[in-house]
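K.L.:
Sequence:
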Amino acid sequence: MKIGYVYSPVFLMHSAAGHPEAPQRLEAIMQVWRDAHLIEDLVAIEPTEATDERLLRVHSQKHLNTIAYADRRGGLQIDGDTYMNAYSRLAAYLAAGAAMNAVDAVMTGIVDATFALVRPPGHHATRDLAMGFCLFNNIAVAAQYALDRYNLERVLVMDFDVHHGNGTQDIFYASPDVFYFSTHRYPFYPGSGHWRDVGAEQGRGFTINVPMPHGVGNDQFARVFDALLYPAMRRYQPQLVLVSAGYDAHWADPLGALTLLDAAGYHYMTQVLHAIAQEFAEGHIVLLLEGGYNFDALGWSSYASVQALLGKSAPNDPVGPPPRPERDITDLIEHLQGVHRLV
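Read the sequence shown against this note's numbering and you will find it ends at 390, with the numbers running on by one and no gaps.
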């Protein structure tokens, strides 16, 4: 099993003093991976910048103009959460390009799976708007690229970030070509992701939102994957699995607000996603980094995901176990099984 990773020091150059979406996030991941002697077992994939032509497949010209304007100004605060400095435009173009490079690596057989360690993250960015720490929607760029370049018809985007990926959902909401499945805390930022949001027009039925209450952890996430995600994918049969890999649902995350996952939970979720890829998509799976703001939790949870891809057991999470029992969501799972006819 060959696993690739996409990384560039340029991703560390996007920064703002005191902001939680900081370069130390990637540094923490790389430190854990190096200390565990993981890097030497992975295939390094060099990222290249996305072109405007590729970005315009999922973003508007207005959006690209906004990023270009901020770049000419040497950076600015786009909204209360989202910043740009003098290097952010380059990092954003490289992050979107890295997402496509990761797709190429698995689709051409260079590796069996890839993890793109990118910043800035992407899943909140809409067709017209940068928001929620995100400039371009990296995973949307990757999904559309896979459809265009490899003539695919069915791509799964699974998003386990604690925040709903409003941008990804919106971009593909009316399309059956991309199935968007999200587990997220609700109600929570950005306020989207109700279970009633199931897609529109030809895309109706190709969005599943699992709005989690606070206090949900490993066992309930596993039930969601087993009872909702896997049955939905047996019906959909994706040709590529893309993962918005946000690790801010870890119990120790400062922005996750009482979601109770740990590294073992991320290991199991990645195992299931890998199994889906192996059963339906010739093993093709790509993880793209989204959130995760406790540096230790982020490093070890991302490591757990790679261990799952390698078929190895979950590491012991040095951050420790969740501090309280988790909440049962049987009623929500059974309700969604009925809504989406998964029983």
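By construction, these hints were calculated from the structure, which means they are not laboratory data. Note that the structure is predicted; figures quoted are calculated from it, not measured. It is possible that part of the hints are untrue.
Using 20 Å as the maximum straight-line C-alpha spacing, the simulated SDA-like pairs for lysine to any residue come out as follows [said to hold, decoys possible]: (1) Lys49 to Gln249; (2) Lys359 to Asp82; (3) Lys359 to Met48; (4) Lys359 to Arg104.
Per label pair, the in silico range of CB-to-CB distance [claimed, not checked]: (5) Gln249 to Gly358: 17 to 25 Å; (6) Leu103 to His261: 37 to 45 Å; (7) Thr377 to Glu100: 33 to 41 Å; (8) Arg371 to Leu111: 27 to 35 Å; (9) Tyr197 to Glu381: 18 to 26 Å; (10) Glu326 to Gly385: 20 to 28 Å; (11) Arg120 to Asp175: 15 to 23 Å; (12) Glu74 to Leu103: 30 to 38 Å; (13) Arg270 to Asn363: 38 to 46 Å; (14) Thr95 to Lys49: 33 to 41 Å; (15) Asp343 to Asn198: 29 to 37 Å; (16) Pro370 to Arg270: 17 to 25 Å; (17) Arg371 to Glu200: 42 to 50 Å; (18) Asp266 to Arg120: 45 to 53 Å.
Quick reminder that beta carbons are idealized off the backbone N, C-alpha and C, glycines included.
K.L.:
A separate judgement is required for each hint: does it hold in the structure or not?
P.N.:
Tested hints:
1. Lys49 to Gln249: violated (37 Å)
2. Lys359 to Asp82: holds (17 Å)
3. Lys359 to Met48: holds (11 Å)
4. Lys359 to Arg104: Distance of about 37 Å is beyond 20 Å: violated.
5. Gln249 to Gly358: 17 to 25 Å: violated (37 Å)
6. Leu103 to His261: 37 to 45 Å: Given about 38 Å between the Cβ atoms, the range holds.
7. Thr377 to Glu100: 33 to 41 Å: Once the Cβ atoms are compared, 47 Å apart, the range 33 to 41 Å for Glu100 and Thr377 is violated.
8. Arg371 to Leu111: 27 to 35 Å: violated (45 Å)
9. Tyr197 to Glu381: 18 to 26 Å: 37 Å Cβ-Cβ, so the 18 to 26 Å window is violated.
10. Glu326 to Gly385: 20 to 28 Å: holds (25 Å)
11. Arg120 to Asp175: 15 to 23 Å: Once the Cβ atoms are compared, 19 Å apart, the range 15 to 23 Å for Asp175 and Arg120 holds.
12. Glu74 to Leu103: 30 to 38 Å: holds (32 Å)
13. Arg270 to Asn363: 38 to 46 Å: violated (23 Å)
14. Thr95 to Lys49: 33 to 41 Å: Hint violated: Cβ distance 20 Å, outside 33 to 41 Å.
15. Asp343 to Asn198: 29 to 37 Å: violated (42 Å)
16. Pro370 to Arg270: 17 to 25 Å: holds (21 Å)
17. Arg371 to Glu200: 42 to 50 Å: holds (44 Å)
18. Asp266 to Arg120: 45 to 53 Å: For Asp266 and Arg120 the Cβ distance comes to about 48 Å; the hint holds.
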